[in-house]
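The chain contents come next:
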Amino acid sequence: MKIKITIFLSALAILSAQVGPAKELHRNPPRAWALTNATIHATPGKTIESGMVLIRDGMIKSVGTKVKIPKQTTIIDLDGKHVYAGFIESWLDVSTIKKDSSVQAHWNSNMRAYLKAADLFHPKKKELKELRSLGFTTVHITPKGGIFQGSSSLVQLGEIPKVLSGNIAQVIEYAAGGWGSSEYPTSLLGAIAFIRQGFYDADWYGKSIDILDKYPDGNEPIQTDKSLGILFSDKNSQQPFIFRTKNEVYIDRSKKIANEFGLKLWIKGNGYEYRRIDEMPASFLVIPLNYPGKPEVVDPHHALQYSTEQLKHWDMAPDNAAKLADAGFQFALTSSELKKKKDFRKNLARSIRRGLSKADALAALTTTPAKEFGQSKRLGKVAPGFIANLVITDGNYFDGKSAVKAVWIDGNEYEVEPDPLVSVAGDWTLKENGNEWALKLNKSPKGFDGKISMGEKSIKLKTVNIEQDRITFSVDADTILQMGITRFKGTVGEGKASGQVFYADGNSANWTAILDSTKTQKKKDRKKEFASDLELVFPDGAYGLDEDVPSPKTILINDATIWTSGKKGVLKEYDILFQNGKIKKIAKNISLPRGNALIIDGTGKHVTPGLIDAHSHMAGESINEGFENVTAEVRMRDVIDPNDVAIYRALAGGLTTINLLHGSANPIGGQNVVMKLRWGSFSDELIFNQAPQGIKFALGENVKRVRSYGRYPETRMGVEQVIRDAFMAARDYKKSWDTYNKDVKLKRSAIPPRRDLELDAMVEIMEGKRLVHSHSYRQDEILMLTRIAEDYGFTMATFQHVLEGYKVAERLAEHGAGASTFSDWWAYKYEVVDAIPYNGTLMTNAGVTVSFNSDSDELARRMNLEAAKAVKYGGLNEADALKMVTINPAKQLKIDQYVGSLEIGKDADFTIWSGHPLSSYSICEQTWIEGKQYFSLEQDQYFRQRDAKLRNDLIQKILSSPDNGDKPMKPEGKRGNRFDSCNAMEAYTMEGGK
Amino acid sequence: MKKILFLILSSTLIFASDQIPGAPQKHPILLKNGVIHTISNGVIHGSILFDNGKITHVGEFIAPQNGAEVIDLEGKHVYPGFIAAVSGIGLVEINAVDVTNDHSERGDFNPNVRANVAYNPDSEIIPTTRSNGVLIANVVPASGLVSGQSSIMMMDGWTWEDATLSHPSGLHINWPQMGTRTRGRYGRTPPIKKQIERRNKSLKALDDIIKQSRAYARLRQTKSRSAENYHDEDLRWESMIPYVQRKIPIYIHANEVRQIDAAVHWAKRQDVNIIIVGGKDAWRTTDLLVENKIPVIYEGVTALPSRRYEDYDQAYKGPLLLQKAGVQFCIASAGSAGAAYRLRNLSNQAAMAAAYGLPKNEALRSITLSAAEILGIDKQVGSLESGKDATLFISNGDPLEIRTTVVQAYIQGRKVDMGDRHKMLFHKYQEKYRQLRILNE
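As you go down the protein sequences, you meet chains E and R in turn. For the first sequence, my numbering assigns the number 1454 to the initial residue and increments by one for each residue that follows. For the second sequence, my numbering assigns the number 10 to the initial residue and increments by one for each residue that follows.
FYI, nobody ran anything at the bench for these hints, they're computed from the structure. Honestly, I wouldn't trust all of these hints.
Using 25 Å as the maximum straight-line C-alpha spacing, the simulated DSS-like pairs for lysine-lysine come out as follows [as the list claims (entries may be wrong)]: (1) E:K1582 with E:K1794; (2) E:K1793 with R:K232; (3) E:K2420 with R:K203.
Let the sequences and hints guide you as you build the complete structure.
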């Protein structure tokens, strides 16, 4: 029996003595300790058995097996316990201020870069204690709120936290208020634009302040903005910028922003990093150990609501850290995303069981964050000269079952789970009133339990209380000796105990006991868990690609009906040859030398160009930034979601190219992006790079009815003025730049014009570099916008929807605008009462380039049938009808030199149909983009079988896995279908207006 | 032939005015030399004769009788009018203009409201719909838990009374959502606890409604002379009586498998007749449907799969799966009132099912006779047989093909004015471009 030295320290007394007068009396508690007889994990991978750590005045003096202990130092025998360097919790959010209305604040409250986490940190004692109980001695605190959230800080977790560094990194979040919020931005689109503009503004601000310093005379002073000033200096001093991310796509977005502005990038991870590990930036990562709970799959019908992607994530998420370590990433681990902090150790142990090495895990808690946070010389190691931050455990920390006994912070001990004064656990022989009992006492989660037995019979103890060295317990001994409920009270000494026993009848006697053996229960981790054996597919989940898309160098289709959508019209029983992703030859009986060509028998089949949809919202994670009436700065390319299954479904309908447009909430919306549906690719690989840039405008009911913000305009009269105003401002903006750029003197000594992403886009329109696609319905507004365009010297690329285009077709033709319309929609709102399905034909006959669009993930899958409606309504010939979804939209998007028709030299984007492409009975059999097969019926069958088996296996695995107490994962339900049509969005906009 | 030609040539004149309901059939009409798609008895290359609004003869050769108008179809096709098994047509004009909507009464329990009294026979949507061969629609109320009673309407008539083919056709119940949603499309969802509470409340209400209705029926229908046994009338409960007595079916709008499952068990427990409307997941529980002889009105073939991992053509092939499993079914266009203007594309729904495996004749049946059977009007419409209504149309080809045009329709023998708002505006603006010399016709 070992009596433990308990140190009563007042941390408060030590710390408060540093600055300010002593309260009461001066306090100088002892600060020299030698922790001996310990297993010291000095650094990741380096362990010292039976070692010693010498601490003096908050610092580690020496570490090793043969350390000379100065006489004045008190020894604490750790009795084989483990010692680690204090762990760094790499993420803890601190709540921030609501709004700053000081004169130096930014115009938008989402910009709060000047804030410092350390200034906002008001931890509760309970919070500090909880973190320490996990072994954390230092915490990286991060401000939460807004978009530019401020600087993070590094703090020691002592009773009065000590700030080690006030400025670690600038924290950025893609935060947006959503519809109905009271400030820009309301969407992811706006948030990204706000971040980009923020960096440009910081740059401008810094330079302007510089010029004002040098040339104070003759320059108008600018408004002070403390956030922009901080951003400017942080960026230029290569302070890290850490982006909060929700999944792998957000990481990619952050990577792009960092590249654009030359930022030192850090990532606050999300648990999905493993999915696109090859695409991850080589940045420092803070990874949460937030593993999904078990999906509830016992009810087979309920199980249907989980997507395959979710089930897979359940299986693979705990491998995330191991995979990052294997790939050589520098990362830290955090408990920040866990609802119950205690799950951190449980989940960490799971990571270890699944292959994360203990050394890597230790590094992620110590040396890696210490290094990244600029503290590699004083945090993260048990080494001389380091701050005396230590974790003491009774076993290996990473085995999960071991207990954190104490942490040391700045050389002060904080007990977590102190050893009891006496050890009582074990097998005792107890004698009482002539009876001899075998007593067994065990440590339990809530204290102690045990049993008492005589011969074969044994009884569980009812309650066992240990208070310092005193023990009480009761036992219902009726079943053995008809003694009734009997109570024992006594004192425990080294190996023996004695006291009084109180019988049911009120009598009492003495008892004694001798400890026969101290069987401390082995805290062995017996759980078995293995890394997931599932393979990733791209994107992960159903229909993800598991190998590269087949892309034969040469493809020949024989004897097919070829709808060229070009000058050659429809060719029956023709061959078409594709080579290196381009169309090589179209002729009868093309013969090929034997070789590596893929030959497709086209007998009875029809081949058309890959279909093109000039109005889509698929794969857009965010559609509308509607708070302001002009948001030309937001870009759809920033919010592409390559995981959207709508892409695959559209390919299965023969679609290959889409125009991803901003919504119609404001007169001047965001910049669109033209994409090829390269399913399975990531980042910018979906973008149709040769396509010119564009922008969405919107007129009519949608823009004037967004009244929730009390936003101007509310009439078509106002819409016209808003658009004119935007161009006027852009013209003035351009003029100010031109003036500035021409004058060398100005460039040296004058404050430069401020770069404005919104006006940049507007200038590009006027310069003809940015195509305008305008949502429109009524003839008056269509006419109006052609006039504005002509006033400002550009040509409208398309009018979208343009359901009354047939009333002013001659004007459209004269102006040169394309018309991208619905085949036959009408009556869903007042401005479409005069919409007619003959619209397409009437405009075509008047010389307008007309396309049919979907504006719907569902309709996008059968655009060939939309084209058929041009035959039905107004009698367009079939070849021209098909052009509505091939070459015409290509012309409208100015990509017709690459796609839209089957002509020599163009991209090998084509679709093979089972029959006539305008027939209701035909189905799409194969879809190719640039000579790569992105859809085929065979491949689809393969996916179905693969994914059905995968689901089944996963559900079996879930059913057979033990319940570990985690909250069950919530099913995704219908979220797979992200967006149906503008009308869904419009309906919502309207709702928001109430 | 001349007559047909005349019909087409004179179309400009017709389209120049609003549409006029057809006059009652005054003389027999013989359509000869056509392809008659009877649905019930195969395809007959021959003739069809109708008189007094009823089909009197279908055959390869029918001798023209005295006074009959004879129309040479020159190989054109004749089909029974398409039947929309559920639709909001006539109850809505412009979806986004609130005051033009008459499909959703206030409150959760409206078994008494009747669709046909609010059916606007002058809705501009109706002529555009019948222009594509949809001649009959079961018009349904939409709101709350118990929405009201539907009426089967003909797509022609001066008044709603003229247009009513049958009323009531059924009571409509929107089955409560059985799952909980974690996040709505726009991030607004009530807390899960609230959702579960709400669902349980609705489910209990459905049991209570039947119990109350039976009790009310007993009070009202048990004959007694004593005055104290008289029970005052209640519109809502009164309207429930035929449904708890299994005289008329209850339409349960349910798509998700748990809804369908719960609805069928509810119907068994409460001993009522039901029809499932929606039925996206019906293919997952066909045994239950077959065993309990529950028909399905499969709504919206051209729809996205319900779940991310489902086959891309899951909704397309739904009808095929039901047919293979022996479930009684028909195909409907999306029945929500907001989709009324799309009802004209009903045949596209059937065609898509055919493209993905449903036999063509089954596809055609699914919007004619199969729909009539489920709606309980198959004695009167749904196929071309003598004795049935002469509600039919002539087309220049397979009407499941989009490119096909419906040339002429008859509803109970009344010749339908084939003009509509769209044709009218088409001709108006053709005229504009003729004036501008852009169009040379």
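Each hint, compared with the structure:
1. Simply put, K1582 (chain E) and K1794 (chain E) have alpha-carbon atoms about 11 Å apart, close enough for the 25 Å limit, and the pair holds.
2. Among the hinted pairs, K1793 (chain E) with K232 (chain R) is inconsistent with the structure: their alpha-carbon atoms are about 67 Å apart, more than 25 Å.
3. With a CA separation close to 19 Å, the supplied pair K2420 (chain E) and K203 (chain R) stays within the 25 Å bound.
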